[in-house]
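Let the hints inform the model, and build the full structure from the sequences given.
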Amino acid sequence: MAVLDHRAELNRAGANATGFFGTARFLMRRYPLGAVGAVIVVLFVLTALFAPWLTAYDPTSTNPRASLARPTADHILGADFMGRDMWSRVAYGARISLAVGVGSTFLGCLIGVAVGLTSGYFGGWYDLLIQRLIDIMQALPLLVMALVMAASLGPSLQNTIIAIAIPLVPNVARVIRSNTLSLREMPYVEAARAVGMSELGIAVRHVLPNTLAPLIVLATAQLGAAILTEAALSFLGLGIPEPHPSWGRMLSESAAEYVRTAPWLVIFPGIAISLAVFGTNLLGDALRDYLDPRQRT
Amino acid sequence: MDARADVQPEAGAQALLEVDDLQTYFFTRQGVVKAVDGVSFALRRGETLAIVGESGCGKSITALSLLRLIPDPPGRIVGGTVRLAGHDLMTLDEPAMRNVRGNDISMIFQEPMTSLNPVMTIGRQIAEVILLHQDVSRKEALAKAVEMLRLVRIPEPEQRVREYPHQLSGGMRQRAMIAIALACNPKVLIADEPTTALDVTIQAQILELIVELQQKLGTAVILITHDLGVVAETAQRVIVMYAGRKVEEAPVGELFAHALHPYTHGLLASIPRLDLMRGEVNDTPQRLQEITGIVPALTDLPQGCVFAPRCKFADDRCRAQYPPYEQKRSGHWAACWNSDALYGGALHA
Chain A
0 MAVLDHRAEL
10 NRAGANATGF
20 FGTARFLMRR
30 YPLGAVGAVI
40 VVLFVLTALF
50 APWLTAYDPT
60 STNPRASLAR
70 PTADHILGAD
80 FMGRDMWSRV
90 AYGARISLAV
100 GVGSTFLGCL
110 IGVAVGLTSG
120 YFGGWYDLLI
130 QRLIDIMQAL
140 PLLVMALVMA
150 ASLGPSLQNT
160 IIAIAIPLVP
170 NVARVIRSNT
180 LSLREMPYVE
190 AARAVGMSEL
200 GIAVRHVLPN
210 TLAPLIVLAT
220 AQLGAAILTE
230 AALSFLGLGI
240 PEPHPSWGRM
250 LSESAAEYVR
260 TAPWLVIFPG
270 IAISLAVFGT
280 NLLGDALRDY
290 LDPRQRT
Chain B
0 MDARADVQPE
10 AGAQALLEVD
20 DLQTYFFTRQ
30 GVVKAVDGVS
40 FALRRGETLA
50 IVGESGCGKS
60 ITALSLLRLI
70 PDPPGRIVGG
80 TVRLAGHDLM
90 TLDEPAMRNV
100 RGNDISMIFQ
110 EPMTSLNPVM
120 TIGRQIAEVI
130 LLHQDVSRKE
140 ALAKAVEMLR
150 LVRIPEPEQR
160 VREYPHQLSG
170 GMRQRAMIAI
180 ALACNPKVLI
190 ADEPTTALDV
200 TIQAQILELI
210 VELQQKLGTA
220 VILITHDLGV
230 VAETAQRVIV
240 MYAGRKVEEA
250 PVGELFAHAL
260 HPYTHGLLAS
270 IPRLDLMRGE
280 VNDTPQRLQE
290 ITGIVPALTD
300 LPQGCVFAPR
310 CKFADDRCRA
320 QYPPYEQKRS
330 GHWAACWNSD
340 ALYGGALHA
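Residue numbers (numbering that gives the first Met the number 0), protein chains in the order written: chain A, 0 to 296; chain B, 0 to 348.
If you are wondering where the hints come from, they were derived from the structure by calculation, not from laboratory data.
Nothing here was measured: the structure is a model prediction, and the numbers come from that model.
Among the clues, some could well be false.
Stated by the list, open to error - Covered stretches of chain B (chain A as the covering partner; in silico rule of three or more C-beta atoms under 8 angstroms from a C-beta of chain A):
1) 126-133
2) 203-215
To be verified - A few chain A residues that don't get close to chain B, going by computed Cβ distances all over 12 angstroms:
3) F19
4) V38
5) I133
6) A193
C-beta: ideal position from N, C-alpha, C; glycine also.
Structure representation (structure tokens):
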């Protein structure tokens, strides 16, 4: 019978990984899909942050001679009808997508958590009122709701964020509320009451942190949805106004006219949207597994 | 007999906690549930008082009533007073009451597995209580948390303060709960079945710890349990509750030697005894005795003595009229019409 080498086995399982790279390798091994997601998200963020250094052209400057240029060494992803470099527009578009995605998810979660936590914890007529309002909001699909908001607020980056954040609120509020309903019956909530904590203190210090795991999963899923919604709004002409490069608008400008003659105008923004959504979802799933301290050893 | 057994239950002036005619009712669809119905008792400084009884007899509700933690609706404390060192707790407003909880009166719960917040470190949970009630910095509170863990005999307290509840065993968690409960040096500690969820060897350790800390800190303890073995080891005085009322009260030695209520006798007989079961006492091995029947629905209590339907000795008077709760022997109170005839409990000596 073979002798078990404990050190080697521990090393193999990555259990005694130390330092940043050791830990990173350990996490990659344990959550391979999450690592893929993380890489995509990091690339996405880096592209957004360093867009001016990664691109040779201004995303808004036109050049009639490059109109509908094929992907070449000059324009690696080609150029659109107005001769604007596609790589520049995709890279700068990441900024818009990131800003709208993170901004609206954050805003939506902030309001949703506040609403859901108070609604679930304090209950009563307040809960009833909030839930009926949420019913009304949920009767409309996310996109329709965002459309209404965007159309009434008018197109701008800030309004797009608000228009996407508001329809996210009901989803977040519902998840947080349902969690809160079960958490407020936990013995540790009663124990906190027995040591003299105020109700608001218990809600914030004991209930809220226990809803974070589902919130993170939801938030990353919503991040993808927000990016997608921004693309859809811009596609429909209600999102980010010209000349800012938005992946959704790039699709809408090109889809009908150029999909056959210059498919790169459609394919690259499409890939960018898909990758961003895919990456955030993978990362979200892995984060859920990792952040739940009950599963950590 | 033990010297402390002679002290009267209503020890008036020196009582730390006085509960008088406490009534906690739940208003449900099935009717009014009188979970606690006219319970009175007094607790002296440094004393351990046990409250025993079957499940559903109102022990825990009594404890929660003292802290005014009855969920309202459906529950409400409809009558009675609770005085802590002379101050009536029932008339305090909510912020003042919060200041009492965890500071003057604190509580250990039955479930150490779920009574700690799973996403907060042990240290932060102890520090939280200290920060709530004392004017100290976060750092001082954490240092105090380490001290508390050391006090409850958790090894490597500096290490443990940074750990999460799931990293601790059941016994360790109950120790941590005790640390939280005692962090502000309360006058009264209510232990609601503190050992029920633990295995037997750990039970003994936890009880020992509670008794030891009680002596060290001078805390008065109300021990709620259905385990008479636990009572014998730790308490000085015992209250037996049945269907929301007190049926007997006596010093612990007196209760075990001369129980005066048939229900108490039933409880005592239902403790497994090796000598009886082996037949060393009565020649023939005996089965474990049980009290037949179940606790009556609290919405539909019998008219007379609440225990009458399950009592072997019940007569017509028992079924018609509730017996007075009276002193039958020195320091020994009971509510039973027939205790004198049955157990010779007439007040003498």
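Unmet hints by their number, sorted upward, for this structure: 2 and 6
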